[in-house]
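Undergrad: Spelled out from the first residue to the last, the chains are:
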Amino acid sequence: MQDVDEIVQEFLVESVEGLDQMDRDLVALERRPADVELLSRIFRCIHSIKGASGFLGFSRLGDVAHAGESLLSELRDGRLVLTPAITSALLQLVDAIRLILDHVRDTGKDGTEEWGALISLFQTLQTGKEGNGKGNGNGHHSAESPASVPTPEEFGAVAAAPETADPEPAGIPPGSSAPPDAPVVARERRSDPVARSNIRVDVGLLDRLMNLVGELVLARNQVVRHTSLKADAGLTATAQRLNLITTELQEGVMKTRMQPIGNVWSKFPRVVRDLAVQCHKQARIEMDGRETELDKTIIEAITDPLTHVVRNSMDHGLEGPEERVAAGKPAEGRLLLRAYHEGGQVNIEVSDDGRGIDPERIKAKAVQKGIITAEVAARLGEREVFDLVFAPGFSTAAEVTAVSGRGVGMDVVRTNIERIGGTVDLQSVMGQGTTLRMKIPLTLAIIPALTVSSRGIRYAIPQVNLLELVRVDPAGAGPGVELVHDAPVFRLRGDLLPLVDLAQALGGPRRHWTAGGSRDAISIVVLHADGRPFGLIVDDITDTEEIVVKPLSKLLKNATLFAGATIMGDGCVALILDVPSLAHKAAVLATGQGARREVEEEDTQDQTRRAATRLLIFHLGDHHRMAVPLSEISRLEEFPADAVEWAGHERVVQYRGAIMPLIQLADVLGHEATSPVAGPLPVVVYARQGKPVGIVVGKILDIIEETLPPEVADSTLPMQSVVLQGRVTDLLDLEAVIASHEVVQPDPEYSTPALAEAGV
Amino acid sequence: MAPPSQLCTFHVDTLFLGISVVQVQEVLREQETTPVPLAADSISGLMNLRGQIVTAIDLRTILGLPPRPEGNRAMNVVIRTADGAVSLMVDDIGDVIEAAEDTFEPPPDTLTGGARNLVLGVHKLPDALLHVLDVDRVLTLETVPAACAT
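In the order they appear, the protein sequences are chains L and Y. So for the first sequence, our numbering puts the first residue at 1; every next one is plus one. So for the second sequence, our numbering puts the first residue at 1; every next one is plus one.
A portion of the hints provided could be inaccurate.
Stated by the list, open to error - What follows is a list of derived Cβ distance ranges for each label pair:
1) Y:69 with L:494: 36 to 46 angstroms
2) L:507 with Y:127: 20 to 30 angstroms
3) Y:96 with L:543: 16 to 26 angstroms
4) Y:11 with L:645: 23 to 33 angstroms
5) L:415 with Y:27: 36 to 46 angstroms
6) Y:96 with L:215: 43 to 53 angstroms
Claimed, not checked - Facing chain Y, from chain L, some residues (calculated, C-beta under 8 angstroms):
7) 493
8) 558
9) 572
Claimed, not checked - Coverage of chain Y stretches by chain L, computed from C-beta distances (three or more under 8 angstroms per stretch; other residues unrestricted):
10) 35-47
11) 82-90
Source of the hints: derived by calculation from the structure; they are not laboratory data. Just so we're clear, the structure is a prediction, and the values are computed from it rather than from any experiment. Glycine included, each C-beta is placed from N, C-alpha and C at the ideal position.
All chains, full assembly: derive it from the sequences and hints.
TA: Written out as C-alpha cells, the structure reads:
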C-alpha cells in the first residue's frame, strides 16, 4: 500500500508541474501557433497524465485527459488549427485536471464528477474543423485531411460552450490573438499544496552550489591556516566554528546531489530478463545495497560500464540451463549486484554463478591477439591474467553475439571507471562464477589529497591512488634504493617496488643512482595504478588537505600528467597529478617489470599471504619494540607538541575539525616515558566506535608483514611478546589498551610532566 | 575585421601593443604563478584569481622576444576567452587609447618572425606605432611554440 501511495504522490507532483508548464506553454502557443516543440510538450504532458491515470485506475481523469489528447493530436498532425476557443478549452482542461488531482490528493479517488460537458466540448471542437474568425489556413488543412468529416458549426456556438462547463475563459472574443488572462486569475485562486514537501531543483543550480561550496572549502582552508599562525582565542574559536559549519554545509550540498545506486539498477531486471530470453538462459537478478548513495555525476558515469558488465555476465558468464544442470547447479542462474561503502569509497560488485573464466583460455587468446607474447603469458600470475581481460582489443566471446562482443570491450569499462578515479578488478573461479568489483569515489568535486613537492613546486596526489608513504632513512637498515640494470627499485617488505622519480617524470634531469644501492634520504609515495603499486620519489611530503578539483584550461590540453589544478590553503595553485598517466609515462604499466614482479610474489608468497598480518612496529621508551596490527590503525599522524590542549583531565588535539583525545601509551602501560624529544609527537590514530583516538608512541619504525603463530593470532591478551624481525616485540591489542585507559583516568599531576617531557 | 576603436595598450620589450578593451577583464600586478611542467614554453604558469585558476601566457615568449630581465616585474592583462579567463603577461601597462579607424594599417609585408601572425596591424599614432594584437592567434599559437621561436 505504501508503494502505491508513493507512486500516486509522485504522479501528483509530476502532473502538477506538468500542468503549470502547460499553462505557460498554451499561452505561448497562442502567440506562436506554429511552434511544434511547444505543441509536442503539451501533448506529452497530457499523454503521460492519461497513461498514468489509466495505470492508477483514475478512469475519470483518464477520460478527461483522453479528450484533450485527441484534440491535441489533431492539432499536432495539422488537421486542426489552434483558435482562441481551442486554447481556452485546453486551459479549462488544465483547470479541470487540477481539480481532479486535488481531489485525488484529498481522498485518494478521482471524484464523481463526470466532466461530460468538457469532454463533449472537446469532441465538438475536434470535429468542428472551423476556421477561426480570420479564417486562416482553413482550406489548406481541409485538403490535407479529407478523412475527418466536418460537421460545421458556428464558432460562436463553440465559444459559448465553455460557459456551461467552466465560466473562466469564456470572455475571449473570437479571433482575438491576445492571450487570455483569465487562467491566471484561476491559478491564483488555487495554490498547489500537492508539491509542498518536494521541490525540484535544476541540476545546474546544484552544480553551481557545489562549486560555491568548493570555493568555501578553499577559503576555509585558508582561514584555518592563517588562524593557526596567530594566537587570538576569539579568532581561533570563530575559525573552528567556520570549519565545522563548512564541513556540514559541504556534506549537505553533497547530499542533495546523492542518488541511490538503485536508480541505475532499477533497469537491470528488465535487461536481464530480455537477455535471458534472447540467449535462451534462465536467470534471476538479486540486488544488495541498492540504497547506497553516490554523487549524481558518478551515477551517470557508471551507468554505461555497469550495463556493459551486466550484459557480459548474462552473455558470457551464465551458462544455458542444460549446461548448468549438468554441472550440478540449479537451472536458473543468479546475478548478484552488490554495493557497499568501504573506506570512503563505494564498492560495486557484479557477480554471477556461471562457468567462470578459464585463465588458460585468456592467455591463449591474448597471445593470439598479440597483446602479450607466449613467454610473458607463461609467467603471468592469476591476477595478471584476469587483468588481460581489460586490455584493449581483448574479447573472449568465441563469436560475436547480438548481446555483446560488438567492440565495446572491457577496456572501455576500465577506462570509464578510471576516468572518475575508480578501479576495476575481476576475480573468477572456474565453474563457480565471476565477480567484477568496481571501487568508486563518493564524489568527484572535493577529494582528499596528499601534497608533495618536487623541485620546489607543490603537487596534489588524490588519496584514492595512495597506498603508503615510505621514508628511506640513511641511518636505517636495508640496502635502500637499488638498481635493476638502470631502473631504480626499492625492496618494500621483500617485494621489489619500481620507482619513478617525479622530478624526472616532469621533465627534470635524470637522477643518478649508485649501482650498489643508495642510502640517500628520500621520500617515496607508494601509489597504485591499474592495481599495480609503484613508488614515486618526491622531494618532500607536506600534508593532506581536502582539495577542490578544477579542470585545466584547454591551453594546457597537452599536459596529460595532470588531472586538474586546485587552490591550496595558502592561496597558491597546485597541480593535481594524474596517477595512471604518470604510471603510463614512466612505463610502470608496461607488461614488463611490474608483471614479473607480481608473478614472483604470487609464486613465493601466495601460500603465506593469506595468514600474514601487516604490523606497525614502533619504539616505546628508548628500546622497547612494540607492534600493532596495521588493520586496527586508521592513520599515522604527527602533531607539534604545542598543538596539545586540555579538555577536562584529558589531553586532546584538534584533528580534522573534531577533538581527538590523546593517550600516552607509556602512561597506560606503566613504562618509563619516552626520552624527551624535541619536535612533533608521533601519534597512531585508532578509530574507536567511529571516533578517532590518538595514541602517543615513541618512534615509528617500520611496517612489516609477518605470519603470526596461531596461538598469538587468536589470543585475546592485551599484550604478548613475539619475535619479529629477529627481535622480541610486544604485540598490543589496542582496544584492550584503550579500555584499560578508560578505567584508570590519568592523574593530571602525573601526566603534565610527561607532556613536558614530550617536548613542550 | 574592423580594427577596434578603444584599445587597452601595454608594452612588451620594445613593442607597443594594444587589444580591444572589450576583451580585457582586468589588469593586475605580477601574481604568484605555479609553473606547469611539460607545458608549452609560452605558458608561464597558473595563478589564483579570486578562486579562479587562470592560465598565464608570457607574451615575450609568444612574440619571440628575449626573456624579461631579472627583477622586472610583469603585469597581467586578464582577458576573457571562451575557455575562461587567460592572463597575458606583459612588461608594462599603457593608457586606454581611442584610436581612429583611418590611422589603421595592416602589417607591412616585411614584418616577419613571431610577430607576423600575431599582429592584426598598426595604428599610426602621432608619437608611436600601436600594434594591434590578434588575441585569438595568441591563444592558438600557444600550442605550436615552434612557430613563434623563429
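Undergrad: Against each hint, give a clear statement of whether it holds in the structure.
TA: Here is how each hint holds up against the structure:
no. : hint                                 : verdict
1   : Y:69 with L:494: 36 to 46 angstroms  : 55 angstroms, violated
2   : L:507 with Y:127: 20 to 30 angstroms : 44 angstroms, violated
3   : Y:96 with L:543: 16 to 26 angstroms  : 44 angstroms, violated
4   : Y:11 with L:645: 23 to 33 angstroms  : 55 angstroms, violated
5   : L:415 with Y:27: 36 to 46 angstroms  : 43 angstroms, holds
6   : Y:96 with L:215: 43 to 53 angstroms  : 31 angstroms, violated
7   : 493                                  : 32 angstroms, violated
8   : 558                                  : 7 angstroms, holds
9   : 572                                  : 6 angstroms, holds
10  : 35-47                                : holds (count 10)
11  : 82-90                                : holds (count 3)
Taken one by one, the earlier hints fail for this structure at numbers 1, 2, 3, 4, 6, 7, listed in ascending order.
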